[in-house]
Amino acid sequence: MSKLTLVQAVNDGLRTKMQEDASVLVLGEDVGPKGGVFLATEGLTAEFGEERCFDTPLSEDGIIGVGIGMAMNGMRPVCEIQFQDFIFPAFDQIVSEAAKMRYRSGGQYSVPMVIRTPYGGGIRGGLYHSQSGEAYFAHTAGLKVVIPSNPHDAKGLLISAIEDPDPVLFMEPKALYRAFRQEVPEGKYSVPLGSAQTLREGDDAVVFCYGAMVPVCQEAAGRIAEQKGQEVRVVDLRTLLPLDEDAVLDAAKACGRVVVVHEAPRFCGYGAELSALIAEHAIEYMEAPIVRVTGFDTPFPNTLEHYYLPDARRVTDALERVLDF
Amino acid sequence: MSKLTLVQAVNDGLRTKMQEDASVLVLGEDVGPKGGVFLATEGLTAEFGEERCFDTPLSEDGIIGVGIGMAMNGMRPVCEIQFQDFIFPAFDQIVSEAAKMRYRSGGQYSVPMVIRTPYGGGIRGGLYHSQSGEAYFAHTAGLKVVIPSNPHDAKGLLISAIEDPDPVLFMEPKALYRAFRQEVPEGKYSVPLGSAQTLREGDDAVVFCYGAMVPVCQEAAGRIAEQKGQEVRVVDLRTLLPLDEDAVLDAAKACGRVVVVHEAPRFCGYGAELSALIAEHAIEYMEAPIVRVTGFDTPFPNTLEHYYLPDARRVTDALERVLDF
Amino acid sequence: MTETLQIINPAGEKVGKAPRVKREVLLRMYRAMASVRHFDDRCMKLQRTGRIGFSIPNLGIEAVSVGAAATLDPECDWIAPSYRDFGMAFFHGISVEKMMDTQFGNGEDHNKGRQMPVHFTFLDPIRFLSISSPIGTHLPQAVGVAMAMQRKQEKGVCLVSFGDGGTSSLGFHSGLNFAGVYKAPVVFLCQNNQWAISCPLEKQTASESIAIKGEAYGIPGVRVDGNDVLAVYRAVRDAVKKAREGGGPTLIEAVTMRMGGHSTSDDPSRYVDQELMEEWKLKDPLKRFREYLFAEGLLDEAGVEALDQELSEQIQAAAKAAAAKPRPGLETIFSDVYETFPAHLQVQRDQCIQHFAGRDESVNEEGEFPL
Amino acid sequence: MTETLQIINPAGEKVGKAPRVKREVLLRMYRAMASVRHFDDRCMKLQRTGRIGFSIPNLGIEAVSVGAAATLDPECDWIAPSYRDFGMAFFHGISVEKMMDTQFGNGEDHNKGRQMPVHFTFLDPIRFLSISSPIGTHLPQAVGVAMAMQRKQEKGVCLVSFGDGGTSSLGFHSGLNFAGVYKAPVVFLCQNNQWAISCPLEKQTASESIAIKGEAYGIPGVRVDGNDVLAVYRAVRDAVKKAREGGGPTLIEAVTMRMGGHSTSDDPSRYVDQELMEEWKLKDPLKRFREYLFAEGLLDEAGVEALDQELSEQIQAAAKAAAAKPRPGLETIFSDVYETFPAHLQVQRDQCIQHFAGRDESVNEEGEFPL
Ligand SMILES: Cc1ncc(C[n+]2csc(CCOP(=O)(O)OP(=O)(O)O)c2C)c(N)n1
Ligand SMILES: Cc1ncc(C[n+]2csc(CCOP(=O)(O)OP(=O)(O)O)c2C)c(N)n1
Ligand SMILES: [Mg+2]
Ligand SMILES: [Mg+2]
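As given, the protein sequences belong to chains A, B, C and D, one line each in that order.
The numbering used here numbers the first residue of the first sequence as 1 and each following residue consecutively.
The numbering used here numbers the first residue of the second sequence as 1 and each following residue consecutively.
The numbering used here numbers the first residue of the third sequence as 1 and each following residue consecutively.
The numbering used here numbers the first residue of the fourth sequence as 1 and each following residue consecutively.
Treat each hint with caution, since some may be false.
Each computed PhoX-like pair below joins lysine-lysine, with the alpha-carbon atoms no more than 20 Å apart [stated by the list, open to error]:
#1 D:183 / C:203
#2 D:45 / D:320
#3 D:183 / C:183
#4 C:152 / C:183
#5 D:241 / D:22
#6 D:17 / D:241
Pairwise CB distance ranges (calculated) [claimed, not checked]:
#7 C:341 / A:231: 32 to 40 Å
#8 D:355 / C:341: 52 to 60 Å
#9 C:246 / D:124: 52 to 60 Å
These are calculated hints, taken from the structure and not from any lab test.
Ideal Cβ positions, reconstructed from N, Cα and C, are used throughout, including at glycine.
Construct the entire structure; sequences and hints are all you get.
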């Protein structure tokens with residue numbers, strides 16, 4: 001065990017799999033000697049050579065397209081997209097190709113590939129270094145979408161993602177990259193894809209969240225406990241697609257009051273799916289409106305980013321609203 | 001007045017605006033002498049010349065990127081993307097650029113551009129000539145998303161879209177291109193963006209729909225009236241972004257039972273936003289679960305497409321479910 | 001100016017240095033080209049009579065796909081084809097029955113009826129990558145396949161084929177760029193058939209040739225007469241050899257002409273000059289190769305007739321058989337989205353099967369493909 | 001091999017035919033280059049002391065942006081800049097105050113504090129298109145701007161600037177392709193500064209040069225010494241003239257070297273060879289132009305000193321002023337998403353303003369930009 005930050009845990013996860021499996025490769029912009037702009041791939045080229053961790057030209061379409069080809073021919077590529085905001089030139093390769101290859105070929109070809117990318121606000125990156133695009137991908141059958149919220153899960157989920165037979169988009173909350181350290185087991189372990197985790201027990205209300213919003217929601221739950229003496233359950237989804245629907249519905253039914261939180265804009269955001277799922281399968285348990293706390297329906301601003309991002313106050317307000325309904 | 005099909009109404013709308021405003025241009029693959037693969041642009045090059053209606057190289061990134069530049073410099077380009085399935089190479093230009101130009105420039109530049117594209121199933125087009133990608137775009141602040149369901153609205157909404165100061169994605173239900181004819185006024189008229197329309201009155205339940213699902217829902221409402229004597233309201237959203245939220249909430253509150261229908265896959269689809277909106281703002285009026293009838297969470301199949309697409313039976317079943325709850 | 005390699009001229013005469021090709025390979029090439037001609041023709045008829053929904057004419061371009069495919073070793077090489085490459089499948093012995101199954105999208109189709117006609121996918125006897133409708137996406141994928149070969153220290157090469165329109169796609173740019181940088185063992189074959197649906201080459205690009213586009217990526221470009229199967233063979237063979245030996249990629253432009261519509265739904269009379277078509281009719285690749293084989297004493301009229309008879313019957317029989325096969329089961333809507341079924345897809349599958357069980361199975365099956 | 005145009009050699013000596021440029025324009029060019037040097041330096045310091053979040057070093061590349069911009073007519077021409085083009089703004093008289101407002105993202109920033117530093121946007125005194133972070137997207141946009149000029153029968157030209165890394169982007173491919181086909185009045189200027197963050201040119205492309213990439217689109221390519229402001233001027237001037245007269249686009253490669261990190265967050269010692277940097281220091285574009293102006297008798301040491309003094313003071317004052325301006329109002333989060341406010345944004349705006357009203361305004365303002 002050693003105490004690692006989230007970005008170190010990602011690095012450790014990559015190294016662990018690369019040591020174990022020669023077919024695991026890392027490619028992307030600046031992932032080589034520089035070690036990635038966040039240092040997630042630091043030291044990998046030195047340890048595994050240029051054949052296994054290499055810089056690419058500035059083309060996300062190329063990174064993902066080449067990754068797909070490698071995956072179809074026996075490799076396990078882990079592609080880095082430097083910022084999630086820059087994934088869109090590869091949108092066609094991801095949505096039209098990687099996600100549909102197994103299906104359209106009747107199962108003859110498959111794409112066991114991971115796309116790692118940092119997402120979200122908190123670094124004063126403005127419109128193009130702050131976005132949370134999970135909803136663009138979670139609507140895509142054939143993809144899996146994973147977002148860890150802590151170092152332990154980051155490594156364990158990443159290992160599962162690399163071992164998964166299907167393409168996985170692995171979104172890393174850059175705001176948490178160095179926010180705190182956590183004990184992370186050495187060597188290989190895995191956290192299964194498709195399973196949510198309850199981080200705080202409670203029956204008065206439940207808040208669903210993921211990634212960088214998890215500590216924000218935990219703080220809000222703490223405030224509610226302190227101020228109102230009510231217990232809010234905090235559920236970290238961890239995998240957005242396929243969603244752990246049972247965990248969501250069970251918690252919603254148990255608590256009867258639901259708040260959904262994400263950084264991305266509200267309209268057609270991922271939170272809508274959670275609300276809709278509950279409104280279809282557990283509406284009779286609801287004792288209050290299902291409230292979403294999200295980024296606003298605007299592009300991501302720069303100077304005012306901390307007024308844009310949901311914070312513990314906004315989550316606390318929403319919890320109060322459902323608790324007092 | 002003349003009786004036009006939906007695709008003829010689109011053609012008429014384009015011609016009407018091109019006659020009136022010399023800055024309106026049409027560009028895209030095969031829109032010139034061939035008149036577009038669905039003949040939506042038939043005759044425009046002959047009437048307005050190659051400068052105003054022209055074929056482009058096979059690059060959606062180029063079509064939209066060039067369209068953006070033209071729009072910033074005084075033109076009103078109408079870009080055609082041959083099938084919505086092929087819009088993804090332009091995703092970056094649409095989502096990162098067109099949608100954010102006004103915002104990021106502090107209002108100094110803007111992109112008054114229309115992107116027309118046929119979407120949806122019904123032509124045996126398989127994975128890549130059948131998709132309904134509205135949810136990918138409706139999550140994007142700065143864009144408007146419009147889907148007509150009949151010839152009259154198609155022309156009127158298209159004229160509004162061309163006159164709109166912001167980028168509009170205009171998705172045309174190809175299944176309805178030649179499905180029926182309707183009286184369409186000659187010359188210029190407009191149907192405002194952002195306003196839904198109630199196509200059938202009723203208070204027992206409401207079904208929200210758009211595009212090619214509108215006639216399907218109308219048929220289902222008719223069946224319910226016949227079989228159960230209950231009256232289902234049919235609301236055609238027409239503009240998906242910005243949504244006519246009042247129309248949705250008013251209808252939901254008035255009826256208390258809601259079904260949401262679209263062709264696109266369910267998970268994180270557009271319907272989720274409708275459910276979520278109601279679950280947040282009108283849950284206390286709900287007398288039944290909010291049920292979604294949608295395409296399945298798979299890529300679009302070919303041979304079995306008519307088992308994949310929601311049909312009147314599936315919508316009727318869902319209506320029965322909410323009515324009998 | 002880019003030069004154009006030619007070995008057999010339109011009259012069937014040898015005007016360049018012919019590559020050494022075994023007699024049986026030459027005959028196999030001829031058979032593959034003739035198979036394309038028959039298969040293509042049959043598919044046009046099947047579409048016109050409403051038996052299949054769609055097909056892509058291969059008339060006039062048979063030499064490109066066959067000449068290129070004939071250079072590959074199915075043991076180690078891969079093909080990333082375009083939809084206008086029937087000949088690559090035929091040369092490598094993919095059976096007409098299998099191809100017809102895809103044309104009909106029946107329950108035995110390797111794609112399980114999920115793709116449109118002509119979007120073939122095969123693993124055997126050669127890796128024949130899943131054809132995609134989005135243009136150009138397979139170019140970087142082919143480079144990735146080739147880069148995996150480098151890493152596995154295999155001797156394979158990936159041949160990737162695309163059209164003149166495809167050179168404008170994003171995948172062309174990223175594919176050639178990556179291939180150049182990593183010296184990937186890949187051969188880029190552009191079937192320049194002058195049209196991208198209705199867009200003529202000069203509206204597609206202002207470059208002097210397609211071959212010259214390789215310069216932008218440090219990749220040598222070669223132009224060949226695409227109606228001359230031996231010229232295509234020689235150029236691709238050299239490029240394959242070079243790639244196999246670690247010499248990196250080549251871009252080959254095969255100049256030909258699409259002698260029909262873009263697809264069964266296209267009416268080229270709206271935009272193609274009829275005179276031009278007449279000119280190109282004289283350059284027919286099948287006839288040209290036949291004359292050559294006659295002259296070399298490898299084939300005679302009787303042989304041609306017998307072959308035509310055989311292929312015509314075989315293809316008709318395959319069409320009949322494919323038409324008779326049941327459609328894919330309802331569960332195929334839901335399988336292969338992932339390797340295993342996530343819970344929500346299990347639920348959707350079960351509901352769908354239940355929904356149609358016991359109900360009249362007939363659903364609306366209208367809709368005509370426009371393109 | 002692509003040739004490289006040079007007019008002033010590293011020693012400041014004239015070695016080629018100098019373009020005819022008015023004395024005051026030459027001095028304006030020098031002033032703009034010196035302004036960049038001072039502004040850049042001040043921004044580095046402001047970032048290191050935590051006053052601004054980020055900047056992009058312009059050290060060593062000043063000749064490219066200034067030499068190019070000096071050829072344009074602000075009445076009719078447009079600039080589609082990259083983020084490493086401070087000099088284009090300075091040459092056209094965009095005030096240092098305005099630029100500092102963007103660096104600080106304050107309430108008077110033309111972008112209303114929505115973009116990161118260095119992502120300038122201006123309408124006056126020249127159309128200076130909104131800089132975007134996504135690389136290469138502005139190339140087809142610039143072509144569209146130029147195509148609109150064609151249609152309006154205006155005499156304008158659009159100059160679009162990007163890096164060597166930008167040549168791999170999708171926008172490079174589609175932009176040059178469309179420009180070639182439509183003969184758009186656009187000049188493509190590639191600032192080849194050898195690096196895309198840590199990726200050296202030879203890992204970016206295997207092509208012999210960047211200029212040669214024009215061939216793929218039927219666009220002539222020209223290579224110039226990017227540290228020689230007169231060479232850049234001459235090449236761009238010729239290209240602008242040609243475009244203005246309907247002769248179509250040109251691709252210009254200006255060969256230079258990024259003499260600092262990619263940005264204030266980058267540590268180039270991880271990947272840049274120090275010796276190479278020493279070599280390039282000798283080719284400094286500002287010094288070289290100064291020597292030339294000395295030799296031509298247009299400037300002297302005293303003039304240089306006075307200018308440095310003036311610029312340094314002006315820029316420091318502008319920074320101080322920009323720092324003191326209030327941040328943008330909360331409502332700017334919601335305005336300019338559309339021309340008018342849709343209902344849902346009105347609600348969100350009102351709720352947000354209400355949420356922060358009366359509460360302690362201080363929110364978490366942490367976060368450091370890594371790149
Ligand atoms: C990204 C994309 N855009 C548009 C289309 C529609 N489309 C199908 S084929 C085609 C033309 C392709 O021309 P070319 O590459 O020359 O191939 P050819 O059909 O001539 O063999 C177009 C525009 C598509 N399939 N994919
Ligand atoms: C599409 C996209 N991918 C990645 C990035 C991250 N990024 C920012 S600058 C840069 C390198 C650009 O290099 P170059 O084009 O040579 O310009 P320079 O910085 O040298 O001026 C990269 C990779 C980006 N901004 N956009
Ligand atoms: Mg073609
Ligand atoms: Mg550079």
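Each hint, compared with the structure:
With a C-alpha separation of about 11 Å, the suggested pairing of residue 183 (chain D) with residue 203 (chain C) holds against the 20 Å cut-off. Annotation: proposed proximity of residue 45 (chain D) to residue 320 (chain D) holds, straight-line Cα distance about 13 Å (limit 20 Å). Annotation: proposed proximity of residue 183 (chain D) to residue 183 (chain C) is violated, straight-line Cα distance about 33 Å (limit 20 Å). The straight-line distance between the Cα atoms of residue 152 (chain C) and residue 183 (chain C) is roughly 15 Å, inside the 20 Å bound, and the hint therefore holds.
For the given pair, residue 241 (chain D) sits about 17 Å from residue 22 (chain D) by alpha-carbon distance, which is consistent with the 20 Å threshold. Between residue 17 (chain D) and residue 241 (chain D) the alpha-carbon distance is near 18 Å, which keeps this suggested pair within the 20 Å criterion. Taking the beta carbon of each, residue 341 (chain C) and residue 231 (chain A) are about 36 Å apart, inside 32 to 40 Å as hinted. Our hint of 52 to 60 Å for residue 355 (chain D) and residue 341 (chain C) is violated, since their Cβ atoms are close to 44 Å apart.
A beta carbon spacing of about 56 Å between residue 246 (chain C) and residue 124 (chain D) agrees with the range 52 to 60 Å that was offered as a hint.
The structure fails to meet hints 3 and 8 from the earlier list, while all remaining hints are met.
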